[in-house]
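Asks: Numbered according to mature numbering (1 follows the signal peptide of the UniProt record, and there is no 0), the sequence shown spans residues -22 to -1, 1 to 255.
There's no promise every hint is true.
To be verified - Below 25 angstroms or equal to it, Euclidean Cα-Cα: the simulated DSS-like pairs (lysine-lysine) are:
#1 K160 to K194
#2 K206 to K116
#3 K189 to K241
#4 K58 to K223
#5 K3 to K217
#6 K240 to K189
#7 K3 to K232
#8 K217 to K206
#9 K40 to K232
#10 K74 to K217
#11 K206 to K240
#12 K217 to K61
#13 K124 to K152
#14 K160 to K74
#15 K241 to K40
#16 K74 to K58
#17 K61 to K40
#18 K116 to K74
#19 K223 to K3
#20 K189 to K160
#21 K206 to K160
#22 K223 to K61
#23 K124 to K96
#24 K74 to K223
#25 K223 to K240
#26 K232 to K245
To be verified - Label-pair restraints from in silico Cβ distances:
#27 D42 to A148: 37 to 45 angstroms
#28 G132 to Y46: 37 to 45 angstroms
#29 A224 to A171: 45 to 53 angstroms
#30 K189 to E77: 31 to 39 angstroms
#31 I134 to E108: 19 to 27 angstroms
Quick caveat, the hints were computed from the structure, so don't treat them as lab data.
As the structure is a prediction and not an experimental result, all values here were calculated from the model.
Each residue gets a CB set at the ideal place from its N, CA and C atoms; glycine is no exception.
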Amino acid sequence: MRRAIATLFTAVALTATASAWAQDKIRVATEGAFAPWNFTNAQGQLDGFEIDFTHELCARIKADCTIYAQNWDGIIPSIKTGKYDVIIASMGITPKRREVIAFSDPYAATANTFLTLKDGPLSTLAGNGESLGLEADKARVDAVVKDLATQMDGKIIGVQTSTTAASFLADRLKGVEFREYKTIDEANLDLIAGRIDAVMADATVLHEALKTPDMKEAHLTGPLLSGKNLGSVAIGLRKEDTALKAQLDAGILKMRQDGSLKKLSEKWFGLDISPKA
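Given only the sequences and the hints, what does the whole structure look like? Please build it.
Replies: Laid out in structure tokens, this is it:
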């Protein structure tokens, strides 16, 4: 019995201290349906900015990383249960997510905006083309949000479930009806079909969607919103994996300093979305 108890305590101790060690094998969960961040290409392979980023990052921290496609709505549970170790899937940092997982330092900083039909009821939204920080431009943001609420009254806005855009709509545009989708592609298709009036999402993703023939009747409109819970993209991981976080942060810092993060973002987005601070 004592041996069994001693063995149990040893196992618990090993589990408790495992987070203190850097990892040489890392299982990465991504969505595979959020171009150009991450997507499945014509050859059935995972591709995109975050796939390239993962390979570069893992080379710098000398880790053997394997990337897996995981549905977005199950992506946080997939690391909580130990199926995977980290999430690299254009995940924004929010207080709600911080309650259940930890985040690395950001590796990207983007803005959210709206996609509408050129001849639709929301063809030109308030704040069109303005780059607004939720904290830095609070007074202007409040005014634009008020105007957006008026414009969107009686309309339906599409958004991907469990995203920072969905949180923004729920928190700041409380009276506006919005419909959640598993993928942003599904929301875009409903926009073209006339089942919804606009889509809110990361501007880089919506810009990429406009390159497809199906989206020729759509365009971007409204403000480019960033800051607070919109914009900072980081790696998600378990709270107890503190050594892994330090390992990832060190790799991200190297990529920022040597310019490789800037180079990758320009390759995939045509502009530098690497964090500036």
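Asks: Against each hint, give a clear statement of whether it holds in the structure.
Replies: Hint-by-hint comparison with the structure:
no. : hint                             : in the structure
1   : K160 to K194                     : holds, 23 angstroms
2   : K206 to K116                     : holds, 11 angstroms
3   : K189 to K241                     : holds, 22 angstroms
4   : K58 to K223                      : holds, 15 angstroms
5   : K3 to K217                       : holds, 18 angstroms
6   : K240 to K189                     : holds, 22 angstroms
7   : K3 to K232                       : holds, 20 angstroms
8   : K217 to K206                     : holds, 21 angstroms
9   : K40 to K232                      : holds, 13 angstroms
10  : K74 to K217                      : holds, 14 angstroms
11  : K206 to K240                     : holds, 22 angstroms
12  : K217 to K61                      : holds, 15 angstroms
13  : K124 to K152                     : holds, 11 angstroms
14  : K160 to K74                      : holds, 19 angstroms
15  : K241 to K40                      : holds, 21 angstroms
16  : K74 to K58                       : holds, 15 angstroms
17  : K61 to K40                       : holds, 21 angstroms
18  : K116 to K74                      : holds, 21 angstroms
19  : K223 to K3                       : holds, 14 angstroms
20  : K189 to K160                     : holds, 21 angstroms
21  : K206 to K160                     : holds, 24 angstroms
22  : K223 to K61                      : holds, 18 angstroms
23  : K124 to K96                      : holds, 22 angstroms
24  : K74 to K223                      : holds, 19 angstroms
25  : K223 to K240                     : holds, 21 angstroms
26  : K232 to K245                     : holds, 18 angstroms
27  : D42 to A148: 37 to 45 angstroms  : holds, 40 angstroms
28  : G132 to Y46: 37 to 45 angstroms  : holds, 42 angstroms
29  : A224 to A171: 45 to 53 angstroms : holds, 47 angstroms
30  : K189 to E77: 31 to 39 angstroms  : holds, 37 angstroms
31  : I134 to E108: 19 to 27 angstroms : holds, 24 angstroms
Hint compliance for this structure: no hint is broken.
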